[in-house]
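For this one, chain A is given, so just place chain B on it according to the hints.
Chains as they are written, first to last, in our numbering: chain A, 1 to 194; chain B, 1 to 176.
Hints are computed from structural coordinates only; laboratory data are not their basis.
From the three backbone atoms N, C-alpha and C, an ideal C-beta is built for every residue, glycine too.
Derived pair list, reagent style DSSO-like, types lysine-lysine, alpha-carbon separation capped at 30 Å:
| id | chain 1 | residue 1 | chain 2 | residue 2 |
| --- | --- | --- | --- | --- |
| 1 | A | Lys113 | A | Lys189 |
| 2 | B | Lys148 | A | Lys189 |
| 3 | A | Lys116 | B | Lys148 |
| 4 | A | Lys113 | B | Lys39 |
| 5 | A | Lys84 | A | Lys185 |
| 6 | B | Lys145 | A | Lys185 |
| 7 | A | Lys60 | A | Lys116 |
Here are some chain A residues pointing at chain B (derived, C-beta under 10 Å):
| id | residue |
| --- | --- |
| 8 | Ser13 |
| 9 | Thr20 |
| 10 | Leu26 |
| 11 | Ala34 |
| 12 | Glu59 |
| 13 | Asn139 |
| 14 | Ser149 |
| 15 | Asn161 |
| 16 | Thr177 |
| 17 | Cys184 |
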Amino acid sequence: MLNKLWGGMILLSIVVALFTGNIPALTNAAIESAREAITLSITMLGILAMWTGLMTVAEKAGLIGALARRSRPLLRWLFPDLGKNHPAHEPIATNFIANILGLGWAATPSGLKAMKVMQEENPKKDTATRSMRMFMVINMSSLQLVTISVVAYRMQYNSINPSEIIGPGLVVTAITTVVAVAFCKILDKFDRKD
Amino acid sequence: MNWMLFLSDMIIPITFAGILMYAFSRKVPVYDHFVTGAKEGFFTVLHIAPTIVGLLISVGMLRASGAFDLLGGLIAPLTDRIGYPAETVPLTLMRLVSSSASTGLLLDIFENYGPDSFIGRFTSIMMSSTETVFYTMSIYFMSVKVTKTRFTLAGALLANFTGVMLSLMITRYLYP
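Bound-form chain A, shown alone (with noise of 0.2 Å):
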């Protein structure tokens, strides 16, 4: 899909050109973009160096699964349906935490785990259950507590503070996160059960 979105964004810049008279700054825009875009990756080598190191650290010393052990009771509210100790808990938590921590990596195998699991019990396997969308529904809200790359580009940018959007990302992440519960909850009351 990247491919047609990609090439027609040229082609489009090329015909708008045609009819704004832009034609000669394009030339320069491309050979300028693809500059800035090296220039800017040596800012991000570092910065992401650091955090995947960092977390990295988190993830040898068992942080994830400790914390994903610590989730059980909210796992339990959150899926009704799955009852008390499902074998899809641990990839739903391990995928929960990996999205919050940013370590993208982690987080989109444990995904597919958990909707594996989650449709070995579908009784309609064309159909999610409330699980699948209370599931999908939290993990496409917006978990993640630091989005580093975008304080990268911010400072490749020259911004005086660079960090001082993690805080409202936060805020807002976190409230994201309450109206897909409260979605979903509101929405099980009205369905019939899987």
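Only chain B this time, still in chain A's reference frame:
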């Protein structure tokens, strides 16, 4: 100082302290693991650098062609009515579809308006609190062949819409 901005200053030191103290209590060789992870992050960036080159070129050309200004002019009458910055509409929509393409648009906003402008701050907070809904939906549901998702999309879009609007309100409140 506002408590949200105080949180911004505190979260990175707290994260370091929390992880390091936990790791020490588990007797984990922290520096060794840090270097291993840092190497991984380093190569991740090297790996995605060509993607960034590609995306910045397409967004940069689109900007230079005047397409964004045309689009902004077209939708401004609508967005002005609710006080939404028209310049950020392409980013808001792209955010739902593609993480990398929306990053390209975010960088374009930083370059043209600055990260400390109203628009720059708003989009920074918005990018931190929204997700690529359509991408995630298709990956996860396709993996188990579920086609009837029972309002999952509606819920995800509602959460994202809340995120966008709250980001705008908080930016207004913090930086009047």
